Amino acid sequence: MRAFDYHQAADGTQAIEQAVRCQQAEYLGGGTNLVDLMRETVERPRTLIDVTRLSRDITDTDGGGLIIGAAATNAALAGDARVRRRYPLLARAILSGASAQIRNMATVGGNLLQRTRCAYFYDTATRCNKREPGAGCDALEGFHRYHAIFGTSSSCIATHPSDMAVALVALDARVHLRGPAGDRQLAITELHREPGERPDLETELQPEELIVAVEVPPLAMAVHSQYRKVRDRASYAFALVSVASMVELDGDIIADTRLALGGVGTKPWRAWQAEAALRGQPATAATLAAAVDAELAAARPLPGNTFKVELARRLMIAELSQRLSDARNGGDA
Amino acid sequence: MSALDTGRSGDTQPAGVALAGDYWRPEGRPDPLGEKGRSGIGAPLSRVDGADKVTGGARFAGEFRFDGMLYAALVCSTIANGRIVGIDTRDAESLDGVALVMTHQNAPRLNTPPVFLRAPNGAAGDDHPIMQTDRVHWNGQPVALVLAETQEQADAAAESIRVDYAAEPAMTDFAIAKTQARQPDNVLGGPAEIRVGDADSALAAAAYRVDATYTTPRHNHNAIEPHALTLAWVNEAEGEGETLRIHDASQCVDLAVASLAEVFGIDISRIHITSPFVGGGFGGKTLWQHQILAAAAAKLAGRPVRLALSREGVYRLVGGRACTEQRVALGADDRGRLQALIHSGVAAMTRHNNLPEPFFQATKCLYAADHIRLSIDVADMHMLANTFMRAPGESVGTFALESALDELADQLGMDPLELRARNEPERDPTSGLAFSSRQLLEAARAGAERFGWSERSATPAGRHDGEWQIGMGCATATYPYMRMPGAAASITLTPDGATVGIAAHEMGMGTATVQTQVAAARLGLPVEKIAFRYGDSRLAGSVLAGGSQQTAAIGGAVIAAQRALVAELLSLVDEHSPLSGLSPDEIECRDEGIGAIGDGSRFESYRQILASAGRSELSAEANAAESQELGNWSMHSFGTIFCEAGVSAVTGEVRVRRLLGSFDCGRILNAKTAASQFRGGMIMGLGMALMEETLFDARSGRVMNPSLADYHVPVQMDVPEIEVMWTDIPDPHTPMGSHGVGEIGITGVGAAVANAVYNACGKRVRDLPITLDRLL
Amino acid sequence: MQWTINGQVREAEVDFRTSLLDLLREQFQLSGTKKGCNQGACGACTVLVDGERINACLALAVQYQGREITTVEGLAEHGKLHPVQAAFVEHDGFQCGYCTPGQLCSAVGMIGELERDLPSAVTADLAAGQIEWQRDELRERMSGNLCRCGAYNGIADAIAAVLAEELGEEIAR
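Protein chains in written order, with UniProt numbering: chain A, 1 to 333; chain B, 1 to 776; chain C, 1 to 173.
Take the hints with a grain of salt, since some may be wrong.
Derived coverage of chain B by chain C (criterion: at least 3 residues anywhere in the stretch with Cβ under 8 Å from a Cβ of chain C; other residues may be distant) [as the list claims (entries may be wrong)]:
#1 84 to 96
#2 321 to 332
Across the chosen pairs, the derived CB separations fall in these ranges [unchecked claim]:
#3 A76/C to E236/B: 29 to 39 Å
#4 G136/A to A166/B: 50 to 60 Å
#5 D67/B to T13/A: 40 to 50 Å
#6 E93/B to P207/A: 26 to 36 Å
#7 Q130/C to Q185/A: 28 to 38 Å
Sample of chain C residues with no beta-carbon within 12 Å of chain A, all distances over it, derived [what the hints assert, rightly or not]:
#8 Q2
#9 A12
#10 N55
#11 H78
#12 P83
#13 A86
#14 D117
#15 A161
#16 A172
It should be emphasised that the hints constitute simulated quantities derived from the structure, not laboratory data. Computed from a prediction, not measured in an experiment: that's the story for all the values here. Beta carbons: idealized from backbone N, C-alpha and C, even for Gly.
Can you build the whole structure from these sequences, using the hints too?
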């Protein structure tokens, strides 16, 4: 790790001032991803601006949603009684990620901006377009069992590793941003970019722009939402495939649904196609199969991760079936 | 835990312990300590080093300090074969705190180290020159070393070094290398091919046949303590020259001393290694380049050095288990009796080491086939030398063999345990020797009963629990008994007790605790009065913590030292002593002294003898008897592993729900630490079965998951409550009647899991690890 | 810079690059806290900060100034082993001992989380205010601490024994 300067910011505004003033500055949250990448020399900032003094409050909005300070820890968010009651998929997604120790350190803002776990991204002895645009991608013909089947390009197939982001994407959360040009909001589904020709550009954040909060809107059906993660061991591993799901029934008709996937996308993957194919349709096995097929039509697997198509199919159907069954039984999970 | 017998039947114990003698001879007398009911033997004593380990008081090798110590960091190659054509160290040298940058251009001249299993004193993983030339032999080879005042400075300097290479063609694809495989000149010192009868013809003629290929990937030990050492060249005494003083994490302090002495061209007396605590070894904590480079750099810089490998560094510098492709072919008659048994295949290796992954080891002794053919070929690759990892050979070999047995049982419609019982041999099927002790069927029977094996569905996919398909599988476990030459021990008696010293190791196996118990029982002293010293090259003897042989090796040495001590004690007593005129064979140790066997009136305490002789202490040292038992019998531990696994019908995820090991390893010396050894091995087997794989990029020869985040080992949530039990039947021909228990636990587990998965869902997986994509 | 470590105020000037783990091990020679991977993947470096468990290897020392840090050396009080330490010895919750300090600090932190009814990934009903203390809960919660020797059963037994003592009844399987 090369030497760097360190500043602690009292709030978001000060953080941005410091970032503008310093060369090659990066914001430091819990450090669970950035410090690791600095040791690997993948990240080489000249300055770290510690943003853990930003708000970590979790506050109610008028309509029954929540605003989460970006510095709230993953553990605090998952343990919040309102989150557990209103958005159980969010608590479950967070608790399915990493370890208790890391969840105690990692911040909400940092979690959203964590970088891929692609082995070739981590190893500076190999080629990676995300690290070094134009260098080439050694994952395409290398180990890519963990890699994406959605949103990929010929430049990059790296998976976004966050579990929490998958739940937030399903919930249509909004990120509150602050930058040199002022404050703005962005739908979280718009925060992350697909790699295209520029896999190094991972989000729509502008230079020095900072996530200061995440807002989760109220959503009645989320009370019965769930998150299921499938991985290579029983705990403490990144997702092969994960599914965030919820449904609302109107008689035998699927009135509404939210479906998002982890472990399969270059960004946290909202299953828009499947959702569209489910809404307003009868809650039958045929509907589910058609919806899942609609989503998977866009999958572009490689030899090492072809299994994810079948796994995602089975997991989506199993999860949606379970949600429907729960909804029919009065919503008791 | 459900030991069949944990040595608690103490009420019938004899008063004293006679000296052990010629247990290794066919007509010899078993070690009396192996008899049932011996006080202390088998007792679940908590670890003697427990308090140190739970308070942070245990100091590991990378936690010692020398004044003026520098921190080291390494730069490793990024090509698998070729030459270094340029190293730019200018940036590194200009950074704060940097004291030395060492490359092949300025490293001191070093001799090539002797290689494990090739040279008698070899502890090194390979015979490559160490930073002596511009050659690169594997992707990850150290090419530069930095010393700096702090670790942060050393790391940053190492990162700033630019190395240019001229790459040459490299064999880094096992799929290609195996097509050019060769027969090695030996496998663990024995032949690379073994034939009994004509297995190929017998196979062709058999009524029932299984002929399948099984593959196992590379594995890494992943001891939680990364390799680390702290060393200094010190002047111990005026005019004696420098001594290389090393705090190392080592499972072979004496072999390491001998090898380092050759590398540096100095006398072995000038090197002193201590290693009192080792944070796990599993075969990996031997001699690799980092110790040699640290010592060379310390010499060059004239200052002490701490070198702690990063986790990635361990993957780059310390070899692991080689990948294998194995064929097992079984031919049987309609009653399940094996007529042909073929176990052959190929393992990755390099031309610079000597360990063909010996996957046929277990097959040599397990089944009474009429015709047997075993062979191992090696595929030479440009890679870091592979090495021993827990039960080399047996761990991956039993996966193939015991999976094939299960396939045969399935074909025959026979219970897999019954199939194994029908092929239980009278004598070792390849050596022809009688078994010293083989209670496999008893272990299997007891294990099956405890596990509820009878509830297994005879046909696959017969049991469900929600989305989970439930199955049971079993497999035989086995690992050889060994007692390597070179062991010696010292015993020093004082009025307060005894100190036993031996250059052996404690990496968590429980050695310090168990040997304290054994010495106490042998000497007739309470455990509180025994100090067991180990992990120091200047102690007596040379004992490798490997091959599950340490317990026996120490046992044999202490037996010899005790005899020498008793002879010394008898030589001290005068004619008025009640012991006068007795010979060692008439003596037993009891009640903190020695007495005549069976005669309570003839006794003197150690304290009395020392006092009468005016001695404050008395020492004796002796070499263990030659391990002739290994030539007289086929000596192995056995067991049966039982597994109940769930396979998700939705996702293919496998969860091991229950795991039981029933073992036959002679006398168990400490029910608590032995249980932990068994379980620990079984958990590593579970990892091997379900998740472990070192990803070796066939294009570059580079390990792509050199981290504990990406190389999955089992976590707490993967591991069910594991039952272990044992026959506790002494082997009459070993010290204490016991066998080592460090490695057998991992054997058989891969197959037991695979067989349970088959029973659960009807899918036979012949390639490890059994990840969910193989079951979708 | 200043930290409170095991109840004592300690000061040092350190490189910004220095992790809390290296601060403990190299500056203060509190080597009980272990370095197993230096990348947050093994848990051997687990310490308690203001009572919460974290991985000291991923924590920059500078970021933790002024905080209360408890390491394995600070678990025992007045020379008496912490109940979790004693239970680890009794139930053989370790072999080589290298992951042990992290396991112990993690266990102490985890028991606090259970007492505060914080959920885990295996908590069936996340909305429930009270967490049932059972073996799967503690196994999931301890999964951030790798043990290559495979002392997991002993670790779980040890923690279950401590919880049972607190609860006054056995921990459900």
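For each hint, the structure was consulted:
| no. | hint | verdict |
| --- | --- | --- |
| 1 | 84 to 96 | violated (count 0) |
| 2 | 321 to 332 | violated (count 0) |
| 3 | A76/C to E236/B: 29 to 39 Å | holds, 36 Å |
| 4 | G136/A to A166/B: 50 to 60 Å | violated, 21 Å |
| 5 | D67/B to T13/A: 40 to 50 Å | holds, 49 Å |
| 6 | E93/B to P207/A: 26 to 36 Å | holds, 35 Å |
| 7 | Q130/C to Q185/A: 28 to 38 Å | holds, 37 Å |
| 8 | Q2 | holds, 14 Å |
| 9 | A12 | holds, 15 Å |
| 10 | N55 | violated, 5 Å |
| 11 | H78 | holds, 28 Å |
| 12 | P83 | holds, 20 Å |
| 13 | A86 | holds, 23 Å |
| 14 | D117 | violated, 9 Å |
| 15 | A161 | holds, 20 Å |
| 16 | A172 | holds, 19 Å |
In terms of the numbered hints stated before, the structure departs from hints 1, 2, 4, 10, 14, listed from lowest to highest.
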